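**Student:** Let chain A serve as the given structure and place chain B on it in line with the hints.
Going down the list, the protein sequences come from chains A and B. Going by my numbering, the first residue of the first sequence is number 217, and it counts up by one from there. Going by my numbering, the first residue of the second sequence is number 897, and it counts up by one from there.
If you are wondering where the hints come from, they were derived from the structure by calculation, not from laboratory data. Treat the hints with care, as some may be off.
To be verified - Using 27 Å as the maximum straight-line C-alpha spacing, the simulated DSS-like pairs for lysine-lysine come out as follows: (1) K389(A) to K291(A); (2) K352(A) to K929(B); (3) K301(A) to K422(A); (4) K328(A) to K929(B); (5) K418(A) to K352(A); (6) K334(A) to K1086(B); (7) K291(A) to K1086(B); (8) K929(B) to K301(A).
Since the model is a prediction, treat every value here as computed from it, not as a measurement.
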Amino acid sequence: MAQIFPKSANALAQASIIAAGILAVTAGGALYYLQRSPYVTRQHETREQPIPFSHQHHVGGMGVDCRYCHTAVEKSASAGIPPTKTCMNCHSQIWNDSPTLEPVRQSFRDGKSIVWTKVNDLPDFAYFNHSAHVNKGMGCSTCHGRVDLQPLAWQEHSLQMEWCLECHRNPEKFVRPQDQVFNAAYVTPANQIELGKELVKKYGLKPRTSCSTCHR
Amino acid sequence: MSARSRSLALALVAVVAAGAGCRQDMHDQPRIKAQAASDFWRDHRGARPLVEGTIARGHLREDEYLHTGREMGQFVNAFPFPIDRARMERGRERYNIHCAPCHGATGAGNGMVVQRGYRAAGNFHQDRLRNERLGYFYDVIANGFGAMPAYAEIAVEDRWAIVAYIRALQLSQHARLEDVPASRRAEADKALSGAAPAAAAAH
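Here chain A stands alone, though its shape is the one from the complex:
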């Protein structure tokens, strides 16, 4: 019986083994990057909101402190979305006939909450506490980016576990002096590692990396 495959088919068989390897690595790599890409994490993507609230205007332009609105950030897990009354502290008189702000006035009149869309939404199986971070030298902008430059809020980082761990393993890379925590425009100094190591010691930072720290 004649041979079905010529001898040269051996080369094809060998090449196919290599090709399969390349394909597997490429597919794996593509998945690796896809999973971390803004397509999946929704980084830098603004969300539809009932009112086009601009942090850039309020924080960057007017110089309003984060804590004027996010009053709970220093004492609770959630930073807190302000009640409509906080908006009306100023907007009872400023832009008080603007159609854009009608949902605010409507909410103030009938007592119904404004339904904002959450931008930085951690998975529910991850426990996070704002107060634990901002009281220990972790700045707002470390996680939220330059909020003072965001016309509509977006999520600055991936919020994936490896991102959390990067800081939990090396807090000295990110910690800043306590009086700079709420400075949105804070610039990391050239001697960050040196300063960071000092601050880690001073603030007694021992960020944990065990599973149950966040998954509890």
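**Tutor:** Using the frame of chain A, we list chain B on its own:
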């Protein structure tokens, strides 16, 4: 079961398991998160308003002096607790967060919000307010005054710390060189002489 059908079944299980991983049930659990919506209640608020008259244990505000700035109905003119350096720094911080937007960093009543059209805020350096009793400032923070809304979100102790800082601002705007400790007078002299040409140029 043949080896082939067994491996097929295994592959099927793997596909189903991998597919299940894409569901978001664990990401979005049915429990209510802070301030999240809930369909359970008619107003869709997960955060429930307190039943009127509810007082949490230990939160009864029965200390008239501390909680209202009054004693027998009259504004007090002393602090309910000692004001030390830390308390004053806290007052400065809270003032800059909650008050400076309207009253300005020095308390002249010309903060950014006023510059943008809000009714002029009180100038702490006018005689009426310089002579006001401390309890008055506490009361205005707690209950509002004129166009100013109440700032109930500021904790009671912080309101008093802010009052202390307002007093410090008032003193600072009417300070004289003799008020500066002798050991630091040279510094003040230098700062003042540095500021003088700029002020002269402005005239």
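**Student:** For each hint, tell me whether it holds in the structure or not.
**Tutor:** Hint check:
1. K389(A) to K291(A): At roughly 25 Å apart (the allowed maximum being 27 Å), K291(A) and K389(A) satisfy the hint.
2. K352(A) to K929(B): 24 Å, holds
3. K301(A) to K422(A): 39 Å, violated
4. K328(A) to K929(B): Roughly 18 Å between the alpha carbons, so the hint for K328(A) and K929(B) holds.
5. K418(A) to K352(A): 10 Å, holds
6. K334(A) to K1086(B): 52 Å, violated
7. K291(A) to K1086(B): It is violated: about 42 Å lies between the C-alpha atoms, which goes past 27 Å.
8. K929(B) to K301(A): 22 Å, holds
The earlier numbered hints that this structure contradicts are 3, 6, 7.
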